[in-house]
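From first to last, the protein sequence lines stand for chains A, B and C. Going by our numbering, the residue at position 378 of the first sequence is 378; the numbering climbs one at a time, nothing skipped. Going by our numbering, the residue at position 163 of the second sequence is 163; the numbering climbs one at a time, nothing skipped. Going by our numbering, the residue at position 168 of the third sequence is 168; the numbering climbs one at a time, nothing skipped.
Simulated from the structure, these hints should not be mistaken for lab results. Beta carbons: idealized from backbone N, C-alpha and C, even for Gly. Each hint should be verified, as a subset may be incorrect.
[To be verified] Okay, the calculated bits of chain C under chain A, using three or more residues with CB under 8 angstroms as the criterion:
| no. | stretch |
| --- | --- |
| 1 | 112-122 |
| 2 | 250-260 |
| 3 | 313-320 |
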Amino acid sequence: MSLTARDLGLFAVMGVVLAMVAMFQSPQLAITILNMSLISAIMALGVNMQWGYAGLFNVGIMGFTAVGGLAVVLIAQPPVPEAWAAGGLGIMLGLMLGVATILASVIVYKRMAPGRLRGFAIFGVLVVGYLLTSQVFGPAKLAVQAVNPASEGYLGGANLPVILSWPVGAVFAAGVAWLIGKISLGLRSDYLAIATLGISEIVIAVLKHERWLARGVNNVTGIDRPVTRPVDLQPLPWVQDLAETLGWSVSQTASVISGLGYSGLFLIVLGILIWLAERALNSPWGRMMRAIRDNEVSARAMGKDVTRRHLMIFVLGSAVCGLAGAMMVSMDGQITPGSYEPLRFTFLIWVMVIVGGSGNNWGAVLGAFVIWFLWVQVEPAGRWFMDMATSGMAETSELRRHLLDSAAYMRLLTMGLALLLMLRFAPRGLIPER
Amino acid sequence: MSAFLIGEAMTGGYGGADILHSCTIAVEKGEIAVIVGPNGAGKSTAMKAVFGMLKLREGTVRLAGEDITSLSPQARVAKGMGFVPQTSNIFPSMTVEENLEMGAFIRTDDFSTTMEQVYELFPILRDKRRQAAGELSGGQRQQVAVGRALMTQPSVLMLDEPTAGVSPIVMDELFDRIIEIARTGISILMVEQNARQALEIADKGYVLVQGANRYTDTGQALLADPDVRKSFLGG
Amino acid sequence: MEPLNALVSVANFMLVPALAYGSQLALGALGITLIYSILRFAHFAHGDTMALGTAAVIGGTWFLQAQGIGIQPLPTALLALPFGILVMIGYLLTVDRMVYRYYRRVKAKPMIFVMASLGVMFVTNGITRLFMGVGETRFEDGGRFLFTVREFREWTGLAEGLALRSAQALTIITALVVMMVLFWFLNRTRAGKSMRAYSDNEDLALLSGINPERVVMITWIITAILLVLAGTLYGLDKGFRPFNYFQLLLPMFAAAILGGLGSPIGAIVGAYVVAFAEMGITYAWRRVFTYLMPEGLEPTSMMQLLPVDYKFAVTFAILVIVLLFRPTGIFKGKVL
Chain A
1 MSLTARDLGL
11 FAVMGVVLAM
21 VAMFQSPQLA
31 ITILNMSLIS
41 AIMALGVNMQ
51 WGYAGLFNVG
61 IMGFTAVGGL
71 AVVLIAQPPV
81 PEAWAAGGLG
91 IMLGLMLGVA
101 TILASVIVYK
111 RMAPGRLRGF
121 AIFGVLVVGY
131 LLTSQVFGPA
141 KLAVQAVNPA
151 SEGYLGGANL
161 PVILSWPVGA
171 VFAAGVAWLI
181 GKISLGLRSD
191 YLAIATLGIS
201 EIVIAVLKHE
211 RWLARGVNNV
221 TGIDRPVTRP
231 VDLQPLPWVQ
241 DLAETLGWSV
251 SQTASVISGL
261 GYSGLFLIVL
271 GILIWLAERA
281 LNSPWGRMMR
291 AIRDNEVSAR
301 AMGKDVTRRH
311 LMIFVLGSAV
321 CGLAGAMMVS
331 MDGQITPGSY
341 EPLRFTFLIW
351 VMVIVGGSGN
361 NWGAVLGAFV
371 IWFLWVQVEP
381 AGRWFMDMAT
391 SGMAETSELR
401 RHLLDSAAYM
411 RLLTMGLALL
421 LMLRFAPRGL
431 IPER
Chain B
1 MSAFLIGEAM
11 TGGYGGADIL
21 HSCTIAVEKG
31 EIAVIVGPNG
41 AGKSTAMKAV
51 FGMLKLREGT
61 VRLAGEDITS
71 LSPQARVAKG
81 MGFVPQTSNI
91 FPSMTVEENL
101 EMGAFIRTDD
111 FSTTMEQVYE
121 LFPILRDKRR
131 QAAGELSGGQ
141 RQQVAVGRAL
151 MTQPSVLMLD
161 EPTAGVSPIV
171 MDELFDRIIE
181 IARTGISILM
191 VEQNARQALE
201 IADKGYVLVQ
211 GANRYTDTGQ
221 ALLADPDVRK
231 SFLGG
Chain C
1 MEPLNALVSV
11 ANFMLVPALA
21 YGSQLALGAL
31 GITLIYSILR
41 FAHFAHGDTM
51 ALGTAAVIGG
61 TWFLQAQGIG
71 IQPLPTALLA
81 LPFGILVMIG
91 YLLTVDRMVY
101 RYYRRVKAKP
111 MIFVMASLGV
121 MFVTNGITRL
131 FMGVGETRFE
141 DGGRFLFTVR
151 EFREWTGLAE
161 GLALRSAQAL
171 TIITALVVMM
181 VLFWFLNRTR
191 AGKSMRAYSD
201 NEDLALLSGI
211 NPERVVMITW
221 IITAILLVLA
231 GTLYGLDKGF
241 RPFNYFQLLL
251 PMFAAAILGG
261 LGSPIGAIVG
271 AYVVAFAEMG
281 ITYAWRRVFT
291 YLMPEGLEPT
301 SMMQLLPVDY
311 KFAVTFAILV
321 IVLLFRPTGI
331 FKGKVL
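Next up, chain A with everything else stripped away, as it sits in the complex (with noise of 0.2 angstroms):
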């Protein structure tokens, strides 16, 4: 771990100033803000593996995210007896068919030979295969989703412990990134980018419609957490006392108590991340995936199988990101893909890679501290700031008005600067590989 006194004092500022924000503004937020900061940083991690040791443009964290965060539905969630009985056995052959009519066509791509006669049978196992996939699924799945609708209304989970979840999206944002980097890595390096966007949206439209997964728009709410909740720390002595000796409310002392739990997983989840990928980073094999990254040409002319080495960064990479996805959805309790936005989830934490500094683990870290905080702060200064310059106006001016109403939108603006200015003037980050 080689961290410079620069890059040491570089994270001080950064916690001075989460400090400040516990004291000025409030416990609470700064453990917020400290708490996503860490998820991000997983996040930005996983990215910065792909970007940052191996040149990848992955442009659909959000869809891996997602899938990370599905797992926690399906591991911690109780099941629904009543709707497994209803159609799970209905829309579990249903899948099966379906991956059964690719994997036909798949075979018979392969056993033909080219020509006219191998488009049609494709295309006629493809209809057969869609029509029984259908004829099958899609009952099963009205079944399930009439169940119980306003709580429950899909097949529920594992009734597994929560914190199990955290490695099961790991694997689950792998198998996608598996599938996607299968088909676009060894093509020009933009089409990995154009197929991780699209394959995000599909991801986040699943999540949205298929009700009898995770219960779709509707969401899934009270996932079980890995950490007590404030409800039930507050009743406890100790937590009372304690709300006493620092002057804080019980419900705020339980809600820092309790924040602090996540902060302390999070934590040892992104040490054990780093440590792994610092050692990887500086192994033998760290240094062939920078020398292909540098030199793509050459270590192709070195018989170095460049693809099979994208391919495994790119599913590792995802899979960190799918487990910040589900470590995410654990805090929150909740799944709600209606939430799940490209810039957020996506973009926003590239902002943080190129600004943290890529191809250095410790930089995307401080970036993703530094962005969050940036993000989360920016709409509050930039309401500030639009109040004080259309002071001026009258209270009812349809200008103040609009102008106050647009300042959330600032932050967007502020980002796309930071990236422009930190990729033109200081493209190396915050903390520059070395």
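Take the given structure of chain A and dock chains B and C to it, following the hints.
Leaving out everything else, chains B and C in the frame of chain A:
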């Protein structure tokens, strides 16, 4: 020396170590000068230096007595130098005629007579003028490339291995065309891998070794020189 | 069996909307493909730039409406188009000067350009929302229909009706005219040919005395025109929401790649293929088959292959198929 085009005592390289060491290349009006030499001798580099695609540390390039050492390649084109690169020397998705038009891009006058002259020189191009240049055969593409460079009505035409990768028959034909071009008063400076055939048509030959002049003489004299024959022409 | 009614039904609910949508995509994809062939990067800010251009046109429309100027029965927005185009030419040239030109000079890798275009996307997005918010804005005025379902039924006496909205008709006609002008420009003018030459062989274009900065400038100007037209027509047709424009990015890229990146004709063909596939696969065919099947055999289900929510999945599937089987696209674009 007062040659029409001369790169005198050129020394320089791409950034790092020097490739050319006080190398001199010159061509007279209406003559053919050929640069030959073993692989890696800096033949193409010498030509690129004359054309300004390489920054010289020492030496000068003069065209018709004017010092053009500091001019960019584009500016040299405007001064009357035409250059045919060895590879990717055409616009593949554009038609033959459009290729020629692009060659004349910097001209503001009517260039239809020049195009007519190019078609006279390479009749096959007239037949194929509506075809995409990328679809033509290797020899025809070389003709397009030379034709494109002629569109500016240059006083000097520089060719970087024009016969690389074409069949012997096509090569002979190309050399014939090049002689024809020279007869119209255009000076030709050319780098060639096929040293023997090239020296046969050359008024002047330069044998380069490791970026420096080894032998300089008329083409016939070099062909007759036993040392040159032994070392560079395979006996 | 009533094939005529079936045909009218398909035309009304699928063919006409898909034709309009495809035309809008084509104008957008043309911009992507042009930028790709000249500046050689995937322009991720395309959707959001389109939104900003439309916002400028909407601003102009509001101004004109407030002045009481209009061109009934055509939408006032058409009158505001030149204003929007000028604004976007200024914007794109400014962005190029401040952002991309530097990377051209240092010969940065294509991915750096893409990254920069992400930053531009953010900024553009922010500016658009500053002006327009995130909600939907409708700015279509003038006659809404060339003819309505009712009128069509009265003329033809068919059970099914066909309506042609003026925004749709306008889109299709404008797109055709613009494409023709663009091809004339690229194939017949000196500037257009110099663009093609630059796209074909950058070094040789330089040797021939073509000024790259000029080619880049012309490219941005054309892109601005295409963007504003595409965005405005899309907005007239479906209403203006910034996020929808961002989401157009995927179908536009899919269209450009399907046709072959760098090939203008490919971008157009690709756009229509994407539009018809999206519409066709998410369209409920029940009504059509009710007319086509003999009595007693009418379909009972919706006969919809995929719900409308999955139209991006269709686009994506097309993209995947192209990447798997023919990464150069139908018209053999560049695979640099």
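Comparing the hints with the structure gives:
1. Counting residues of the stretch 112-122 of chain C whose C-beta lies closer than 8 angstroms to any C-beta of chain A gives 9; at least three are required, and the coverage claim holds.
2. Only residues whose beta carbon comes within less than 8 angstroms of a beta carbon in chain A count, and the stretch 250-260 of chain C has 4; three or more means the coverage holds.
3. For the stretch 313-320 of chain C, the assignment as covered by chain A holds, since 5 residues bring a beta-carbon within under 8 angstroms of that chain's beta-carbons and 3 suffice.
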